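Take these sequences, add in the hints, and give me the full structure.
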Amino acid sequence: MAEENQQSDYVTLVSNDGFEFKVQRSAACIAGAIKKMLDPSNNFVEARENRCHFESINGIVLEKVCEYLYYAEKHKDAKDVPDMDLPPELCLELLMAADFLNC
Amino acid sequence: MSEQDEALFPGSTDEQMPSSPPSLPSRPPMDPPVLSRKRTRASDLSSNHPSSDPAFFSSDDASNDNVENYQDGKRRKKQFRGAWWDRAMYSGASQSASADASIGPVPSRDGGKTQFTRNFDSGVWMGSDSTDASTELASSQERGGATAPSMNFASLNHQPQYSNMPAAPTSSVDKRGEAEREAARIVDKALEMQAQRVDLSGLNLTEVSDSTISPLHSMVRYAQHLDDQSDSPREYFTFLPTIQLFLSSNRLRRLPNELFNLDNITVLSLRNNKLTEIPSCIRNLRNLVELNVSGNKLRHLPYELLSIPDGDTRLSRLTILPNPFAQIIPTADAAKLPIIDIHQFIGIEAIKEDSTMSTANWPLRGQTSRLAGWVTILGEQMRGRWKWSKRSYHQSMDGDSNEHLLRLSPKEDYMIRRQLLKARPMLIASSPVAYLNLFGSPNQLGARAPSAMTDEELQGFFDDPSTSPAQDGPKAHSLVELALKECSASDSLSQLHTLLPEDSPRHVVDALDNAQQVKQTGGKRCSVCGRSYVIPRTEWIEYWHYVPGEMKCSFSELFVPFLRKGCSWKCVPDGNPRTWF
Ligand SMILES: [Zn+2]
Chain A
1 MAEENQQSDY
11 VTLVSNDGFE
21 FKVQRSAACI
31 AGAIKKMLDP
41 SNNFVEAREN
51 RCHFESINGI
61 VLEKVCEYLY
71 YAEKHKDAKD
81 VPDMDLPPEL
91 CLELLMAADF
101 LNC
Chain B
104 MSEQDEALFP
114 GSTDEQMPSS
124 PPSLPSRPPM
134 DPPVLSRKRT
144 RASDLSSNHP
154 SSDPAFFSSD
164 DASNDNVENY
174 QDGKRRKKQF
184 RGAWWDRAMY
194 SGASQSASAD
204 ASIGPVPSRD
214 GGKTQFTRNF
224 DSGVWMGSDS
234 TDASTELASS
244 QERGGATAPS
254 MNFASLNHQP
264 QYSNMPAAPT
274 SSVDKRGEAE
284 REAARIVDKA
294 LEMQAQRVDL
304 SGLNLTEVSD
314 STISPLHSMV
324 RYAQHLDDQS
334 DSPREYFTFL
344 PTIQLFLSSN
354 RLRRLPNELF
364 NLDNITVLSL
374 RNNKLTEIPS
384 CIRNLRNLVE
394 LNVSGNKLRH
404 LPYELLSIPD
414 GDTRLSRLTI
424 LPNPFAQIIP
434 TADAAKLPII
444 DIHQFIGIEA
454 IKEDSTMSTA
464 NWPLRGQTSR
474 LAGWVTILGE
484 QMRGRWKWSK
494 RSYHQSMDGD
504 SNEHLLRLSP
514 KEDYMIRRQL
524 LKARPMLIAS
534 SPVAYLNLFG
544 SPNQLGARAP
554 SAMTDEELQG
564 FFDDPSTSPA
574 QDGPKAHSLV
584 ELALKECSAS
594 DSLSQLHTLL
604 PEDSPRHVVD
614 ALDNAQQVKQ
624 TGGKRCSVCG
634 RSYVIPRTEW
644 IEYWHYVPGE
654 MKCSFSELFV
664 PFLRKGCSWK
674 CVPDGNPRTW
684 F
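From first to last, the protein sequence lines are chains A and B.
My numbering numbers the first residue of the first sequence as 1 and each following residue consecutively.
My numbering numbers the first residue of the second sequence as 104 and each following residue consecutively.
Any given hint might turn out to be false.
Stated by the list, open to error - Simulated pairs of lysine-lysine, DSSO-like, Cα-Cα distance not exceeding 30 Å:
#1 A:Lys35 / B:Lys673
#2 A:Lys74 / B:Lys673
#3 B:Lys673 / A:Lys76
#4 B:Lys578 / A:Lys79
#5 B:Lys578 / A:Lys22
#6 A:Lys35 / B:Lys578
#7 A:Lys36 / B:Lys673
No lab work stands behind these hints: they were computed from the structure.
Everything numeric in this text was worked out from a predicted model, so none of it was measured.
Now the structure itself:
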């Protein structure tokens, strides 16, 4: 996978069990932690490679996180926002992930 | 996600540059096997149960006693019918007992009756479908059977999916103190006598449990149940008993959640206690005629109190003083002022003449400009109300000539004053908005939320809005909020924190506690957009003039602070003060 220009439209989020999710940068940056990681001025490896690896988040959870990021992006300026449904069995892990990702 | 890839993580990326995120303290203990098992359960729900609603509240299946429906044969072994504390009680009999339990009801100590019924009204928050069990609820306490330590625990029954479920209490002894047992006796007596007045004042109570209050709920249900058998739907209401509940002169620091499910309370006295907050779920008590919260430690009232209907037949006596309300007007001499006739004080004569309001006869001339400003605002609003009242009165009298508006007979004057009495609360001033982070703390380090500010800090906050610059954020709820809401929907909310890693951040654990608190008090609704939420993201103080049913009030009652919260950074005051609800 070639990493070319730093500000690609898509970034890759990788779970601890190896699942990769390509996500629009604008959506990914809704999560404060990801935004920080991808900020070139912070000089993190993630910013250079447009790729964030999460040691503490598994694929199932990360998939939901990505879904949330798109949901939040989509409703950014909406007046009436329906709550997104989360699977009950993931609620604790999503809570931990949300705290970690700051979103 | 459409962009999803399933490639394995290469793991060979060179790590010369620092990787930014410190990884989480440790992995959450929810490893794949647990996950998959839970998911199995979830799919069982959908496949075996025709309803599309997942049976997440215990009351869902408690009411029709069909626990089996939710579970397949494999899981049935683990199943236990009855309350979870019963399980602890019978743990001596161990596995065989609980295996038997899946076949039939567990015999309770006092003979054939199953303890399952004790559990029926799990609904601290779902109280509406327990009609025919309410008598059981009351009587099981008289029997001295295993009393739930708290009603909330009832929701934990048949929840075997967590292997590391914390141990249940080892004894079923009534943990309520002597004072509270006395209170429970008084409640029972009141039920027996069908008395509407329940006087629990002066009992030296430090706490009132839900289980002490909930029998009052059953009185309502009983009346309702009786009435269901009659044909006339009208009788339902005549049967519904109103309750006057006196909890005054105790040492209460918090109120039982069950109290706010008693929507037939008409008189509630909380006078002389140690309450620091009136919960926002006070809005549930829609039939209040009289509320007394004087002599507590309140810094402000909940905004939701303003939504209780007031007027002639509704909330018409609200006693709030003394309390250490947040004051941003120096009130050195205020306490010494005599009782004020509001209309006279703000110059009702001037209002009637339709001239500009003057503060000439105002006893506090020379006070701070804020006070002068607020009194002017109050006067303007009063004048607006006066005009409106006059107009609507005359319209109702079938005359709308302007000339008519100028002359008022004494009777008309009286009528219009009555109209003014029914006036809804008036917003006087609003503090800047404090923006709170994902976990509901002030955004800036060391800053305090307005609700926690001292008088001086609050004064500074009002004076200098720039200390809290407007923040832009999505209207959508955060993932933290959505996850917490999902946690709240779980039966085992109170146990979820035990599933977190030991070294989880404190604020995450606290957030779960908070979610439970919110759930027990009937949930919170955003005061701006109305969505339900767990963590407030905005908070501000509004001063209102609200003296329902009275023409007179003391100076300190003129402007009372109400605490208001929003659920997203977009949920802020809309700029147009809403004077009519
Ligand atoms: Zn809102």
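Tested hints:
Restraint check for Lys35 of chain A and Lys673 of chain B: the C-alpha separation of about 21 Å stays at or below 30 Å, so the hint holds. Of the pairs offered as hints, the one joining Lys74 of chain A and Lys673 of chain B holds, with about 16 Å between alpha carbons and a cut-off of 30 Å not exceeded. For the proposed pair Lys673 of chain B and Lys76 of chain A, the alpha carbon gap of about 11 Å is at most 30 Å, so the pair holds. Taken as a hint, the Lys578 of chain B and Lys79 of chain A pair is honoured in the structure, with Cα atoms around 7 Å apart against an allowance of 30 Å.
Using a Cα cut-off of 30 Å, the hinted pair Lys578 of chain B and Lys22 of chain A holds, with the two alpha carbons roughly 25 Å apart. Pair hint Lys35 of chain A plus Lys578 of chain B holds up; C-alpha atoms about 19 Å apart against a cutoff of 30 Å. With a C-alpha separation of about 23 Å, the suggested pairing of Lys36 of chain A with Lys673 of chain B holds against the 30 Å cut-off.
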